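Colleague: One letter stands for each residue in the lines below.
There are 4 protein chains.
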Amino acid sequence: MGRDTKHSEELIENAAITRLEERGVTTKDIAELVYFLQKDFYPELNETYCEEQVKHILKKREVQNAILTGIELDCLVEAGKAREPLQDLVKVDDSLYGIDEVLALSILNIYGSIGFTNYGYIDRLKPGILKGLNAKSNGKVHTFLDDIVGALAAAAASRFAHSQKRKSES
Amino acid sequence: MGRDTKHSEELIENAAITRLEERGVTTKDIAELVYFLQKDFYPELNETYCEEQVKHILKKREVQNAILTGIELDCLVEAGKAREPLQDLVKVDDSLYGIDEVLALSILNIYGSIGFTNYGYIDRLKPGILKGLNAKSNGKVHTFLDDIVGALAAAAASRFAHSQKRKSES
Amino acid sequence: MGRDTKHSEELIENAAITRLEERGVTTKDIAELVYFLQKDFYPELNETYCEEQVKHILKKREVQNAILTGIELDCLVEAGKAREPLQDLVKVDDSLYGIDEVLALSILNIYGSIGFTNYGYIDRLKPGILKGLNAKSNGKVHTFLDDIVGALAAAAASRFAHSQKRKSES
Amino acid sequence: MGRDTKHSEELIENAAITRLEERGVTTKDIAELVYFLQKDFYPELNETYCEEQVKHILKKREVQNAILTGIELDCLVEAGKAREPLQDLVKVDDSLYGIDEVLALSILNIYGSIGFTNYGYIDRLKPGILKGLNAKSNGKVHTFLDDIVGALAAAAASRFAHSQKRKSES
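Residue numbers (the numbering used here), protein chains in the order written: chain A, 1 to 170; chain B, 1 to 170; chain C, 1 to 170; chain D, 1 to 170.
The shape of chain A in the complex, shown without the other chains (with noise of 0.2 Å):
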């Protein structure tokens, strides 16, 4: 721990937003694969709902950071200027590099652990924008990003899940 960044809160939440948006990801697609984890369970949500969970998913630091430090990384790699092996490891998405999850995890935590189900669900059906982050086509990384996206939309449902259950009660 050192000294605090002159940074300001509201400069960092925003440049979080912009990375994301730069790399193709809006809070829309975010919210379109919350409400895809969460219809069948809730007749009646929609998807303005589920990108005001978002918004407020991206208000939390240790979710900037992820983020910032993820996108980071996967464009280095796309520059082509990671030192070997990692150029090659995050390339690829090798099928033992975990750092990537490890980054998504530290997302779903803050929410708690009832989170990783709905991670690991979308990781592996790749639904909506996940599956074109996913293709690996025409020179572009996005081996951080798809579980930091997948990260972002399970936090949400599980946000929400907690915003149901305090309004059952009033």
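Just so you know, these hints were derived from the structure itself, not from any lab.
Below, computed lysine to aspartate or glutamate pairings styled on EDC-like, alpha-carbon distance capped at 16 Å:
hint: 1; chain 1: B; residue 1: K55; chain 2: B; residue 2: E9
hint: 2; chain 1: D; residue 1: K140; chain 2: D; residue 2: D88
hint: 3; chain 1: C; residue 1: K81; chain 2: B; residue 2: E78
hint: 4; chain 1: B; residue 1: K6; chain 2: C; residue 2: E84
hint: 5; chain 1: A; residue 1: K81; chain 2: D; residue 2: E78
hint: 6; chain 1: B; residue 1: K140; chain 2: B; residue 2: E78
hint: 7; chain 1: D; residue 1: K91; chain 2: A; residue 2: D4
hint: 8; chain 1: D; residue 1: K81; chain 2: A; residue 2: E78
hint: 9; chain 1: B; residue 1: K126; chain 2: B; residue 2: E32
hint: 10; chain 1: D; residue 1: K28; chain 2: D; residue 2: E52
hint: 11; chain 1: D; residue 1: K6; chain 2: A; residue 2: E84
hint: 12; chain 1: C; residue 1: K136; chain 2: B; residue 2: D4
hint: 13; chain 1: A; residue 1: K91; chain 2: D; residue 2: D4
hint: 14; chain 1: B; residue 1: K6; chain 2: C; residue 2: D88
hint: 15; chain 1: A; residue 1: K136; chain 2: D; residue 2: D4
hint: 16; chain 1: A; residue 1: K126; chain 2: A; residue 2: E32
hint: 17; chain 1: D; residue 1: K136; chain 2: A; residue 2: D4
hint: 18; chain 1: C; residue 1: K91; chain 2: B; residue 2: D4
hint: 19; chain 1: B; residue 1: K81; chain 2: C; residue 2: E78
hint: 20; chain 1: A; residue 1: K136; chain 2: A; residue 2: D88
hint: 21; chain 1: B; residue 1: K136; chain 2: C; residue 2: D4
hint: 22; chain 1: A; residue 1: K55; chain 2: A; residue 2: E9
hint: 23; chain 1: A; residue 1: K6; chain 2: D; residue 2: E84
hint: 24; chain 1: B; residue 1: K91; chain 2: C; residue 2: D4
hint: 25; chain 1: A; residue 1: K6; chain 2: D; residue 2: D88
hint: 26; chain 1: C; residue 1: K6; chain 2: B; residue 2: D88
hint: 27; chain 1: C; residue 1: K6; chain 2: B; residue 2: E84
hint: 28; chain 1: D; residue 1: K6; chain 2: A; residue 2: D88
Short, incomplete list of chain D residues facing chain B, as computed with Cβ under 7 Å:
hint: 29; residue: E62
hint: 30; residue: N109
hint: 31; residue: G112
Only a predicted model underlies this, so the values are computations on that prediction, with no experimental measurement involved.
Using N, Cα and C, we set each Cβ at its ideal position, and we do this for glycine too.
Chain A is fixed; fit chains B, C and D onto it per the hints.
Modeller: This is chains B, C and D only, laid out in the frame that chain A set:
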């Protein structure tokens, strides 16, 4: 940290396996889940080899600890002897109760983060033995056990992935 | 995931606090640990403010789940009613039994990874209430409780660090 | 998960050890930390045996992944080439930036939760090589490296504790 237990490593391992069997889960059941997870990626795979992986997983103390603790809690609640509100939280597997996933994660972590996806996937699809464990019929409580079994299978699948890499090099 | 519990959020929170008190731990005891952790960095800090942070931590469901589960296991073993070898592993706080740390970590994770250091530090130094909990005298079992109390203090210290950052900007 | 890297397991292990050495950390330095952590509990312990434990830890792929990734980020920031605000967050080791601890935890988890305490303890006391790494002098950035080195030492201490138990039974 206190003094060490009087029980030998072998006794603890056998106790964990016996507890699983008493609750209706064999190493063969878990091996079937490993096969389900990996058969599409390794067509030459067979269940005997999967069962070997499961047996290796069960030799780890952290894994044995999670099994012994989780099943004890399931049995305590099944007997109606935990205090409220824990009794009801575990009995109904409340959607905001996540200690079962926390214990499952302690199993997964030992083989690294690459197992998270497989864990989430089978936890949601409930193939094989997981379907019965999740049925919540006839008074049985398997809130911890179903997550533990899913984690054992996912961890064994991770171990298998590591072993394939080594094999391809030798 | 099953149906939800019949218990209200408020009842669950109160139950967690009551369990802590029954085992001899008050929010004031935990606040003293927070003060111990942070006093060198923030000379103007006082224990009243630390106690406020602790009370916020105790409002989180994952935290309540860990408290209710860990203390139930301590009491079960104290009454001699867990089956062997778990009974002895928990009673002696065996050096290879780590489920108490696993539960503690589920508390820490909610406030991000910055709390790990503080947790490890007080867990080893055992200041304040932790010393008594760790004494293992007169038949009491606090294997889970001492790690949970340390994690509550470390999580509160993390929450405090987050709040200071926001305050310095407003 | 994509295709696997072209690099052999041996090459990846050697690369991780080389990166540590380039940044001024030898297996002997880490062994000294292990000795510091365990000498009070095992008076007959020596640093040669501690170094053997460290070398075993460095054979694990998850450990190698964390080392390669963390040091790459340290070097990127040291060269001033990460984008803001990440550049400044890592450079000053911001008190709310916790991805360095997240990577450290991925090392610790492999040997179970019993290593958390040791990790937090040395991370706060900064004995041996950790003191120099944390100095933040002469333009060097070791935000990730100091947490990784602490985690390697704590993991090696955990491995040692497991091996002692087995030895006492044979």
